[in-house]
Structure formats: structure tokens, C-alpha cells
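J.: Below, each chain spelled out in residue letters.
Protein chains: 2
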Amino acid sequence: MLFVLSHVLRGSALLQTLPPYRELDTELTQQLVQEAGKFVGEVIAPLNRSGDEIGARFKDGQVTMAPGFREAYQAFWQAGWPALAAATQDGGQGLPIVLEVMLFEMLNAANHGWAMAPDLLHGAYECIKHHASDALKERYLAKLARGEWLATMCLTEPQAGSDLGLVKTRALPQDDGSFRLTGTKIFISGGEHDLCDNIVHLVLARLPDAAPGSKGLSLFLVPKFMPDGARSAVYCDRIEEKMGLHGSPTCVLRFDAANGSIIGQPGRGLQAMFVMMNSARLHVAMQGIGLLEAAWQKADTYAQERRQMRAPGCKTTDPSGADLIREHPAMRRILDTQRAWIDGGRVIAYRTAVELDVARHHPDAARRDAALRWCSLTTPVLKAAFTQQAFYGSSECLQVFGGHGYVRESGIEQHVRDARVTMIYEGSNEIQAIDLLVRKVLPDGAGAFRHWLDALRSDLDPQQSVDARVLTRLTALQAHADRLAQAAIADDTLGHWLADDFLRAVALSLLDWSFARIAKAPEAATLRWKAPAQALERWIMPELAMRLGIIDAAICATGAASSAADMHT
Amino acid sequence: MLFVLSHVLRGSALLQTLPPYRELDTELTQQLVQEAGKFVGEVIAPLNRSGDEIGARFKDGQVTMAPGFREAYQAFWQAGWPALAAATQDGGQGLPIVLEVMLFEMLNAANHGWAMAPDLLHGAYECIKHHASDALKERYLAKLARGEWLATMCLTEPQAGSDLGLVKTRALPQDDGSFRLTGTKIFISGGEHDLCDNIVHLVLARLPDAAPGSKGLSLFLVPKFMPDGARSAVYCDRIEEKMGLHGSPTCVLRFDAANGSIIGQPGRGLQAMFVMMNSARLHVAMQGIGLLEAAWQKADTYAQERRQMRAPGCKTTDPSGADLIREHPAMRRILDTQRAWIDGGRVIAYRTAVELDVARHHPDAARRDAALRWCSLTTPVLKAAFTQQAFYGSSECLQVFGGHGYVRESGIEQHVRDARVTMIYEGSNEIQAIDLLVRKVLPDGAGAFRHWLDALRSDLDPQQSVDARVLTRLTALQAHADRLAQAAIADDTLGHWLADDFLRAVALSLLDWSFARIAKAPEAATLRWKAPAQALERWIMPELAMRLGIIDAAICATGAASSAADMHT
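Chains as they are written, first to last, in our numbering: chain P, 2 to 570; chain X, 2 to 570.
Since the hints were derived computationally from the structure, they do not count as laboratory data.
Only a predicted model underlies this, so the values are computations on that prediction, with no experimental measurement involved.
All C-beta atoms in this analysis are idealised placements derived from N, C-alpha and C, irrespective of residue type, glycine included.
Mixed in with the good hints, there may be bad ones.
Just so you have them, the derived chain X footprint on chain P, three or more residues with Cβ under 8 Å [to be verified]:
#: 1; stretch: 398-406
#: 2; stretch: 449-456
Selected chain P positions facing chain X (Cβ under 8 Å, derived; list incomplete) [what the hints assert, rightly or not]:
#: 3; residue: 185
#: 4; residue: 188
#: 5; residue: 314
#: 6; residue: 316
#: 7; residue: 318
#: 8; residue: 319
#: 9; residue: 321
#: 10; residue: 393
#: 11; residue: 426
#: 12; residue: 428
#: 13; residue: 429
#: 14; residue: 431
#: 15; residue: 484
#: 16; residue: 491
#: 17; residue: 551
#: 18; residue: 554
Pulled out of the complex, with its shape left as it was, chain P reads as follows:
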């Protein structure tokens, strides 16, 4: 992790261009990441199994978290970890977002179920900081910045999932300026628990005179306990039985004329919530990378212990006559391929987090805009590609264990079950793909996308062979985006059919770029970095031509463009 941040991305140099981080040196960063690793390894990781096996339990409206969860959370917030990237004036530590992102990668690798609880804090903090009234900030901002209280996002309802325009929860204005909220929200992670003393619910609801659809939504704050200590009228009716993530209670919340306050302007609820969602999407990508790393570590360890059969081209000296399974090409291929996804994922994710820091603090407005463009285009790709890889890749890692991987005891099947939900929540991966292509790339004729590609290209040197290869592929990607934007004018379904292929092509191009960045570090010549680089080129990158070919064929089929088959060879 530190190698990627410091050697590949030269993160300290980048951060030092931002006024608040002029003093932040590599040594402090290292120390912090190591401290985080120690805390996560000693306090959080040991609770992962009981989180899955005992899980969160529901009784009479109360949720009891798995043994040790509350104590770990109390230790976590009291040690200041949630406040890492919150502003010092709000009680935070004022450190860069990239360090917070690295912390959450570790938390998710160690214990996804537990990490769900603090994972929404940063978003709730930003949302309240930027949109709430001074009175609300006074009461809630510091508590959330420090993590003394936890927060939820209450969006989904039984009839309204991807389509928030269908939200029915009502907010009735009261004479004192407050609101009474009535409705049912489902799939609320951490909607009720015993980790801390209060829970702050951020709730999308509709005012009586609101327009239909998503434009009629406003955002409200409903605390579990009111300022006077009274229990508010928000009730947990049940928690879901799920495929995995048993450590995190997924609640059905009933708002029964619950007392709330509005955040921001009426009818601007979705805009206020988007601050939270975009930040949450990067955090979900970190869940993906963290879970895949956890699965990879288990598989790699097992592959260095277990012996089965002779591996071709390998001469064992073991008395069993069998080689370590890591020597078998099929196993080597799985391990190196998943390693490439993790390593490349880190480069892309940490770079995106640094861009968030740049967007917050860079003195130059044009540079801040470029940073926001980076985040806008890269975040849906990270979210979709790395949650998909978390599930499919950890399943590949499970395969290394053979039958032992299917048994609970090995621990790896939990990662596969836990990972599956990351492909769905915070906007399903299909929604991410549509967000990227249909909402962000096509409307301006792939103009912003071209600027984003320029940012990737600016890191590369056409005189170097690895970089030249990546540049050629980026050119092909740009040509396809341009052609797609052209063809989509005549056929507005085209982008929807091809969104997934386009997102995959962008994800693969980002991986490609990330390994060109890695190749510039002196350590890149060691087997540790050469093996995943080779796996990327041999086993992963061939998908790019396939995706571009699918896009070509679909464009040709619309008749809106002449043959594009000659575009990507």
C-alpha cells in the first residue's frame, strides 16, 4: 500500500502542492498507515468470524451487534480514527482523504461487516457540513466528525430501489419549523445497533406539495435520540437474513411521524445526498479491493502450504513426491491475475482519493475542476469494476482451496458471500455503467472523457515501450468513445446496451495505465511486481479488444456509423 502511494504515485509530492499538507512528509504517512494496520489487525480482524457466525441479532426492536463489536467501535472512535480526514475545526485531524481511504481498505479486508458502520460517517459529515443549517451543524457535525455517533443513509423503499423517484415517505411541516416523517425505508445498513449512543438518519422524503419523481425529494435528519434525550419515532421492525455480511444489520426502518429537520433546500434532497453517495462509491470500491486482498492472502498462504501432484516443469524434493500447488500453472494464473487487479486497483483508487484532496484544497480552480472530472469519471468505474472483481476474484481465490474453500472453516467463502452485495448497493453496477457512459461520456460527445484520457496520457512517455503500448490502447478507447457518441445520437438505446462493455473497457485501460505507472518504480523489475504485470498482459488485457469489438459490432448494427472493425488492431 505504501509502495503504491509513495513510489508509484509519489503521493507525498502531490499532496505537498496543497496548502494544508505542505508539512506532510512520507515518514508521517508511513507511521500513520502502520499504526492503522496495527489497530485493524489487533482489534478489528479477530472479530470477523464471529461477525459472520453470530452476526447482528434482532429482538423486540433492538439490534445487538456480534460480541466485541461495540467495544471495538468505542476503541476505534476514541483513538480518533473516524476523524482522520475531517477538518480540524470540526474536531477532526485534517489529514488527506487518501489516508482515510487506505484505512478503510484495511478495515474492509479485516472485517467488512464491522466496517459498514463507520463507512458512512465521512459522507454524512460532508453532507451536513455543506448543506445543513448552523443549528444542525452545532449539534451534529462534531459528533459525526469524531465518530462518537454513527449515521445512516435512508433512501430505498420497498417500491423504490434504483428508481428513487418512486420514494413515498412523507414529511409534514410543523409550526415550529420541524417535520414529521412517515414511511418505511428498507436495506438500511446500521439502521439500529448498540455500537454507540446515538444514530443520525439522513432520510429522503417528500413534502406535501412536492413534485412527483426525484425532483420532489428533500433530505431530512432524524436522530435516534432527540436533543432532550427522548427516543424518536423511528423503529427497526426487522433485520434481513442475507447471503453474507451478517456482521452488519440491514434494517427495515419505520418512521412513524418521526421528528426531523430539513437539510438544505426543499426539493434538493437528491443533490445533498449525492455528496454522500459519490464519496460512498469510492468507499465501496475500497471494500472490493480490501475483500479481494483478504481472499488473495488466504489463497496465497494456502498455495504455499498445500502439495498436490507434480507440477509441469517443476522438480520437487518433497518426500510426498507432490509439488506446492502454487507451482501449478492454473493456480499461479489465478494468484497472479488477482494480484494484478489488486495492485492496479490500488493505484487507481489512491490516485482518485488524492484527486479528492486536490479538489478540496488546490489553489488553482482549473486544477480543482480537472480533479472533479477525474473523480466523476473514475468513481463509477472503480465502484463497478472492483466490486465485480471482489466477488468473481475472491471466488477464483476460493478455487485455490479446492473443496476446503467451500467449507466455512477456511474462512474464504465468507469473503465471497460478503463481497456479493457490493455489486448491488450504492447504485448497482449496471447503474454505475449507465452513469459513466450515458450520463457522463455521451452527452458532450465524449469531450470531458477526452480531457480525462489526456490526464492519463500526461503520465506516459511514448518513447518507452510499455507506455507506448498503453498509449496505443488509450487511442483506440478514445476512438470508440467518439464513435459511440456519434452513433448514440441516432439511437438512444445504444448507450444502455453497451454501458457495461464501455465501463469494462475503461476499467481495463485504467489497469493498463496503472501498471505503466508501476513499471516506472525501480522495484518493478522484481518478481513481486513482474508476475502481476505479466498476468495483466497475458490474461486480463485481451478482454479490452473483446469489449471494443462488441462496441464496434453494435455500432455497425445500428447502421449509424461505417464499419469500425478497423479501429482497434
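Position chain X against the provided structure of chain P, taking the given hints into account.
T.: Chain X in isolation, oriented as in the chain P frame:
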């Protein structure tokens, strides 16, 4: 299912070329498949949820199956279903294997956990029929043919999974010709249960003077209850906690000088067991197809009920202003793509089952040989490709449900968890790929593979456009197999690195061929069949060129062949 058997494969005409089935007409086949569907739907399917939620329970060496499992099994065998394809002289019904395979597809779709118990009967029956002494046959053959007793395959040990050469269980000869078996077997499906009155364990073990490795293995029969009614010394020490398949107990069996009989010749245990394993592999492929069908049906139903957002190019009349999710391209793509895998899978699997019938009964030895070649090359492809698709494809179907898919209530996540093990057992999918390429295609310079391709080609007409496209791709596949066989002479690791790509290329070619077969049926012009055919061409087949490209690149990298990049355009 009947459409594929009768209209696409013209199964009745094929089966009528075999002496025992001259009288078997389409009507009888239809009636039988419909009866099977009724029994499976009414008796077996309703037990699927309790099989997962309550599961098999272990206490004091005893295993209690989930409620209703025993009654359902008693009804199943008494109705004659296990005996479907067993010979009439053994107490069976003497019907074609293809009908048994279709029955098990339904059983697996309805209740994978329950279906595990009878799923090994056919293999145990064949193994005893062809290898056991008359005395053993006298006692066990009819019981297994009728399914009055159930059977297990005891291969795996803690240190011996894919590598059976590491098996340590010992068999000590006794003066009376019997043996005493001592050792521990793990991952024994149905090793202990209360479904029926006796369990027949088929056990790989080593005689005292046996050679090391797999050549030293012999096969033994150890019953749970001896002929005199005494309990034998085989004990279930525990059942595994697993990711899924909770309805089927996965047992640790301890043989404590248990009394057994040898089956076949000493040192020929693996050969005798292979009869059972090849048959079991086709059945595992049917688990894959059945599970994917079950997941698809749930997703398709949900997509016809749930409304979210406006779909592009679709004008809803619903008061919610939202379209059915089946109208959204991303969902349509998932449903049609998985439909293509299921439809094509049935064509390939039923054809393979018919070839097993041909291999059993055809009067012409050359035709029987061709049938065995078909099964030998197609079975590992079916097993690996359709178990992988069961897991990844049912996960795609889960995605159609959004968050509701991750919750147990929807039922679809169970299919994903259940399906995962099929990629591992009966030879992991990596072993299947090596079996295909390294053991069966490369050794004779892809000669048998060419004959197998000829069998596919003989069904196609180069004058028809769909067929011509498939023929071109089959030619590319053959060229790559030839080139790979050539290159592998100089580099014996090459086949191991590329086994997975080669198996995928063969699986895709088989799908391609299967839809060319489907296209010949008059109903192929309807949307029911056009939608998956189009999904195959647009979304699935592009992987073929990618896989062949990976093979090309690896061959080029060995330097053993000149550039193969011009081979597949």
C-alpha cells in the same frame, strides 16, 4: 427440454437406431418427462428452502436429514425413478440414459441438496455391474439399481484431493477373502443419513504391498450394515459447515478396520472408479444447467413484475411512470445471455447423454467408438463450462433482483451458494481443463479432436449462413488445436497454462454449434428462440476470438511456432 430433445436433436429417431429402443416413441418420452416434472415439482421442490435453512444435522455419529427428505426419498425410489436407466434384468426400467439425465436436471433445479443423494446411484450401479464379483452383484446390484439403498464415492482424504496418488487408507486382507479398511475420508456426500436403510460406500484404499501413487489403489465396497445386519466399523465423525448445499451432509468418514470386499482387480481401483466418475461428471453438468435454469426462472419472473425507471425506447402506460425491469437493456442482456447458456447447454448435454446410449447399445463398433470419443471430449467441457456458468450466471440472475436478491427471502442467493461447489467436486474445473487439453487433445496431435470436430461439422450445411459462420469458427478452433499440439512438443508447460482458454474455446464452439442446430427447427424464428440466439452472437461469442488470441500469444511467446496472429480473423 422436450423441444431440445425432440425437435432440435431428433432424439427419438436417434434412439430408435438402438435395438432396445426401437419401440420408444416420442409420445412415451413426453409422457415420462411430464410425469417426472410433476413428481419433482410437487414432492421435491417444496423441500428446497428447509433443506437450506434447517439442513442436515449431526449428532452422536448420526445424521438427520431436513424435514421431509426421507419421506420424499422413499416415495422417489418406490415410484421407480432411480431405476429409470438401469437394465431390466437388474430390476431397472431399461430406459435411455438421456431420460435419466433430464430427470436429474429437474431434480437439481428443484433441490440440489436433496438430489445429491440419488445422484451417485447410477455411477455406483455401473461400477458394480462392470467390476464386482457375482457374489457382490447378487447382494448389491438390484438394491442400487432400484435405489432402495444409496451409495457414496470415498476418494478424498485430508492430504489427497486432486492428487489421489496420496491416498493413505489401508486395506488389510483377511483369511476369509475379505478386507479390513482403516483410514479417514473427507468430503463424502451422503456419507451418513437417514434417507434409506443401508449405505454402500465405494472406497479407494491401498493394499499392504501396493505400489506408491495412484497405481497402488484398489477399490472396496464397505456397507453401512453388513449382510447379517451388524453395523460396520465406518463412523461419521462430523459434517462440514459449508457455503451452501446444506441439504446434503458432507461427511468425514472414519474407517476403523471396517469390513469390506474388493471390487475388480488389486491396483485397478482408479480404473473401476473412473466408470463412476465420468458418468458423475455429466451429472454435475446437469446440476449446473438445472441450477442456472432455476435462477433464470426466478429472475425472469421478477423482471416481469418489478417496475423501476423509464426504459429507453419504451413507453410505459403504468401509473407509476416506471417500466418493467425486463424492458431495461442491462436486464434484458442478463436474461437473454443466461437463457442462451441454458438452451445451448441442454442441446450439448442431451446429445452427450444420447451418445452414452449409443455407446451402450449401437450394433456398429465404429459408431460406439465415435460415441465414446464424443463423451470423452465433451464431458469435461460440459462439467467445467456449465458449473462455472451456474455460479457466475446465477449471480447475474441475482443482480436482476437488486438488493432483494441478496436477501434469503428471494431464494435466489441459495442457488448461487449451492452452485459454487459444482466448480470444485468431481474433479475441479482446472482438472477438467487439463483432462481435455493435456490428456486428451495434445497427446495424439489433436487427432481425436479433429474427428470430434468432424462430428460437429457433419450436422452443418456450408450453404446456410448460420452454419457457414459456425463452420468458419470450428476451422479456426481446429487450427489452434493443431498449432498448440505442435508447440506443446517443445514446451510441456504450455498446455497447462492454456488449458482453461482451450476449454472455454471448445465450450463456446459447442454453444455456437448448438444454436446452429436450434436454428434448423421451425420454432427458431420465434422471439423465444431468437432472443437467446442473438444474445449468443452479440454478448457470448466474442469471447471465442479472445481465447484464441490468448492461445496465439502464448504460442508465439514460446517461439515454438511462427506467428499465429493471422489465424483467426
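J.: Now look at each hint and say whether the structure bears it out.
T.: Hints versus structure:
no., hint, result
1, 398-406, "holds (count 6)"
2, 449-456, "violated (count 0)"
3, 185, "violated, 14 Å"
4, 188, "holds, 5 Å"
5, 314, "holds, 4 Å"
6, 316, "violated, 13 Å"
7, 318, "violated, 16 Å"
8, 319, "violated, 11 Å"
9, 321, "holds, 6 Å"
10, 393, "holds, 7 Å"
11, 426, "holds, 7 Å"
12, 428, "violated, 10 Å"
13, 429, "holds, 6 Å"
14, 431, "holds, 4 Å"
15, 484, "violated, 17 Å"
16, 491, "violated, 12 Å"
17, 551, "holds, 5 Å"
18, 554, "holds, 7 Å"
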